[in-house]
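Number of protein chains: 2
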Amino acid sequence: MALYVQKFGGSSVADAECMQRVAQRVYDTKQEGHSVVVVLSAMGKTTDNLINLSKQVNPQPDEREMDMLLATGEQVSVSILAMALHALGAEAVSMTGPQAGIATDSAHTKAKIMSIEPARILENLEKGRIVIVCGFQGRSPTDDIATLGRGGSDTTAVALAAALKADRCQIFTDVDGVYTADPRIVKQASKLTTIAYDEMLELASLGAKVLQSRSVEFAKKYGVELEVLTSFDRIPGTVVKEEVEDMENIVVRGVAVDKNQAKVTIQRVPDRPGVAATLFKELAAANVNVDMIVQNVSEHGHTDISFTVPRDEINRTRATVDGLLESIGSAGATYDVDTAKVSIVGVGMRSHSGVAYKMFEALSAHKINVEMISTSEIKISVVIRSAYADQAMQVLHDAFDLDKINEQAS
Amino acid sequence: MALYVQKFGGSSVADAECMQRVAQRVYDTKQEGHSVVVVLSAMGKTTDNLINLSKQVNPQPDEREMDMLLATGEQVSVSILAMALHALGAEAVSMTGPQAGIATDSAHTKAKIMSIEPARILENLEKGRIVIVCGFQGRSPTDDIATLGRGGSDTTAVALAAALKADRCQIFTDVDGVYTADPRIVKQASKLTTIAYDEMLELASLGAKVLQSRSVEFAKKYGVELEVLTSFDRIPGTVVKEEVEDMENIVVRGVAVDKNQAKVTIQRVPDRPGVAATLFKELAAANVNVDMIVQNVSEHGHTDISFTVPRDEINRTRATVDGLLESIGSAGATYDVDTAKVSIVGVGMRSHSGVAYKMFEALSAHKINVEMISTSEIKISVVIRSAYADQAMQVLHDAFDLDKINEQAS
Numbered sequence: 055m056a057l058y059v060q061k062f063g064g065s066s067v068a069d070a071e072c073m074q075r076v077a078q079r080v081y082d083t084k085q086e087g088h089s090v091v092v093v094l095s096a097m098g099k100t101t102d103n104l105i106n107l108s109k110q111v112n113p114q115p116d117e118r119e120m121d122m123l124l125a126t127g128e129q130v131s132v133s134i135l136a137m138a139l140h141a142l143g144a145e146a147v148s149m150t151g152p153q154a155g156i157a158t159d160s161a162h163t164k165a166k167i168m169s170i171e172p173a174r175i176l177e178n179l180e181k182g183r184i185v186i187v188c189g190f191q192g193r194s195p196t197d198d199i200a201t202l203g204r205g206g207s208d209t210t211a212v213a214l215a216a217a218l219k220a221d222r223c224q225i226f227t228d229v230d231g232v233y234t235a236d237p238r239i240v241k242q243a244s245k246l247t248t249i250a251y252d253e254m255l256e257l258a259s260l261g262a263k264v265l266q267s268r269s270v271e272f273a274k275k276y277g278v279e280l281e282v283l284t285s286f287d288r289i290p291g292t293v294v295k296e297e298v299e300d301m302e303n304i305v306v307r308g309v310a311v312d313k314n315q316a317k318v319t320i321q322r323v324p325d326r327p328g329v330a331a332t333l334f335k336e337l338a339a340a341n342v343n344v345d346m347i348v349q350n351v352s353e354h355g356h357t358d359i360s361f362t363v364p365r366d367e368i369n370r371t372r373a374t375v376d377g378l379l380e381s382i383g384s385a386g387a388t389y390d391v392d393t394a395k396v397s398i399v400g401v402g403m404r405s406h407s408g409v410a411y412k413m414f415e416a417l418s419a420h421k422i423n424v425e426m427i428s429t430s431e432i433k434i435s436v437v438i439r440s441a442y443a444d445q446a447m448q449v450l451h452d453a454f455d456l457d458k459i460n461e462q463a464s
Numbered sequence: 055m056a057l058y059v060q061k062f063g064g065s066s067v068a069d070a071e072c073m074q075r076v077a078q079r080v081y082d083t084k085q086e087g088h089s090v091v092v093v094l095s096a097m098g099k100t101t102d103n104l105i106n107l108s109k110q111v112n113p114q115p116d117e118r119e120m121d122m123l124l125a126t127g128e129q130v131s132v133s134i135l136a137m138a139l140h141a142l143g144a145e146a147v148s149m150t151g152p153q154a155g156i157a158t159d160s161a162h163t164k165a166k167i168m169s170i171e172p173a174r175i176l177e178n179l180e181k182g183r184i185v186i187v188c189g190f191q192g193r194s195p196t197d198d199i200a201t202l203g204r205g206g207s208d209t210t211a212v213a214l215a216a217a218l219k220a221d222r223c224q225i226f227t228d229v230d231g232v233y234t235a236d237p238r239i240v241k242q243a244s245k246l247t248t249i250a251y252d253e254m255l256e257l258a259s260l261g262a263k264v265l266q267s268r269s270v271e272f273a274k275k276y277g278v279e280l281e282v283l284t285s286f287d288r289i290p291g292t293v294v295k296e297e298v299e300d301m302e303n304i305v306v307r308g309v310a311v312d313k314n315q316a317k318v319t320i321q322r323v324p325d326r327p328g329v330a331a332t333l334f335k336e337l338a339a340a341n342v343n344v345d346m347i348v349q350n351v352s353e354h355g356h357t358d359i360s361f362t363v364p365r366d367e368i369n370r371t372r373a374t375v376d377g378l379l380e381s382i383g384s385a386g387a388t389y390d391v392d393t394a395k396v397s398i399v400g401v402g403m404r405s406h407s408g409v410a411y412k413m414f415e416a417l418s419a420h421k422i423n424v425e426m427i428s429t430s431e432i433k434i435s436v437v438i439r440s441a442y443a444d445q446a447m448q449v450l451h452d453a454f455d456l457d458k459i460n461e462q463a464s
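Protein chains in written order, with my numbering: chain A, 55 to 464; chain R, 55 to 464.
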């Protein structure tokens, strides 16, 4: 007998019928002899509808009141699921975030969980009840309702799993696991059986929107084993867990593409200390999220600095950079929005050499030019023309035999 | 500078536009230099929609979960009004029932307010803020959300007014006050300037659905001055208050009709102790709400017992009574659903004689037959054929000159 935390997102609880399907799934887990804590998001479009309502009375609603408003979405979900479970003959009880003992800080609309006092949940589990908790919310130090921001239900689930020392935290969503590449682009993409936290974090930050980075970080920190799986089928998903030695047998576990990239190059910057610091300090002040940064070798006391930013931040970036060019002594800057970032990720890179070489060779064989390169211990990213993004993903998927990844796995 | 509690019902807060109108009204009261606590119901059809959703997953939803579900309706209202007030430049903060310090018993879906700890409200009023509280809900002893049942928002408003020692509790609704008769039936019906708690209670129990009886009882108990007024116009409403001597100058303050009445007559019941007790005990056990009871003079050891019940409870009544006839020794029973109850109400009846005579005479002059009579200190009710109900209301309104009531008032 194990303790499961099962989290169901908005599309899994879109309407009464979905709720009944979720209830059956939860009930089956309980019938198998396990204890179950369920975490729910708001039903379908509820959150969007509430936001629209708020905008009708105030274009810039107060954040504390916004939390008061949006928290109702999850409260509807949990009570409806409790009723659906009762209809199946199960004992179940719903709880708001505050009732479940979830304490947050005061940062309304983007609060962090500070602690969980799980006494009430444990007491109900001991009585054999299924406990259903509102995701995405908790009680602030001033006894207000604070929300964790969009996607915060995953974090609630992981935090509860950590506090309750659950055996597994299952994240039910509308995809059935984590794939070696986006299956809409790469037809032979394989579903991964397991993936390491760090790999998942790199993939999440690269735009593979299966899990929120914050919840993966939380899971890693507290050693919570996560499973990503679909609520629409009864098939195993992908387990995200601590890296084990076997995992390094797989050099590359996934290929990801981020098409929301723009490249900025500042030409002929004097090669003296403090120039880069000034530049990136000003960009941070303008709320620009700089991603990759590359500085070329200095020639005759001058260097070129290139970096990428999200494409929709290019106007803010241009305004900031153009205002700085003179003071940093640059000859000019170019802005290029036709770029994409393609990355390969795998913990096996740490112990295998020649991975970068193999990546560049594969791209070169298909005449895909690499404009920027950036590497971490378990990731290699390149910037290319956006027109080649999908092709590059396919090429790299083939080059690293990712269609056969589950045969390689031990 | 006074403290007002202002309660707005569902039709006053039906949509974003209504919310903005309510915000303006509340803001104006604040701008006049008063402190304001607002109590809100759920927006428009929200509660009905939530009930429908619950029925889709469970035909008999658990009451604790039902409260969890329905309480969200008011929470949406209060946060939206806070935002609308912010848009006008006002300082305002919303609170759930539990946050406002409203403690209830554990009777889910029909809880009673046990106490109010108004520290948080007072603290915010002192800071010059408008405080907006969810009607209809509070915190149960087990830290669950409990609702007061339909119409409970009026009770919340009155209870808060009592706890805060407010100068007046204004109940905004879709009618502009309490009338001498239903204005849809009696064209010359007059709006009352004032009415005594006891008169309002009799009228409420007679089906003049302006205020819930429970909130009037609460107001009477704690001496809270109530004003019923419309949220759609800026005109004075009707003040419900402690009876003062002057009020007795008006003998009859209102005429009410209840068409949801059925009459039962049990014939030739042996006139011995315990028969009526047996009968009404069984009806209570069958959940029948018996209203008027009349027992005729005994003839030769037998008597007839007549009573009225709500028309939609006649089947339950018939099943119970038919099962008892033999054991109580009755010859048989008749069931009549074509009846109505017409009542006149006024605290002046206590000090004026001849009121009943005047009533019967007026009805008789129009050939309206009186089938049953029941009286209290400040009310006379008669049962007549339902076909004459509206006519009887008009006749009595004329007989007691209720169209000129505001000229009679001191």
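Honestly, I wouldn't trust all of these hints.
Same chains, same names: a pair is fine if it fits in one copy or spans any two.
[Claimed, not checked] With a cut-off of at most 25 Å between alpha-carbon atoms, the simulated PhoX-like pairs for lysine-lysine come out as follows:
1. LYS295 to LYS109
2. LYS109 to LYS84
3. LYS166 to LYS295
For the record, the hints were derived by calculation from the structure and aren't laboratory data.
For each hint, the structure was consulted:
1. LYS295 to LYS109: So LYS295 and LYS109 fail the 25 Å test inside a copy (41 Å) and across (40 Å) alike.
2. LYS109 to LYS84: between (42 Å within a copy, 24 Å between copies)
3. LYS166 to LYS295: within (23 Å within a copy, 50 Å between copies)
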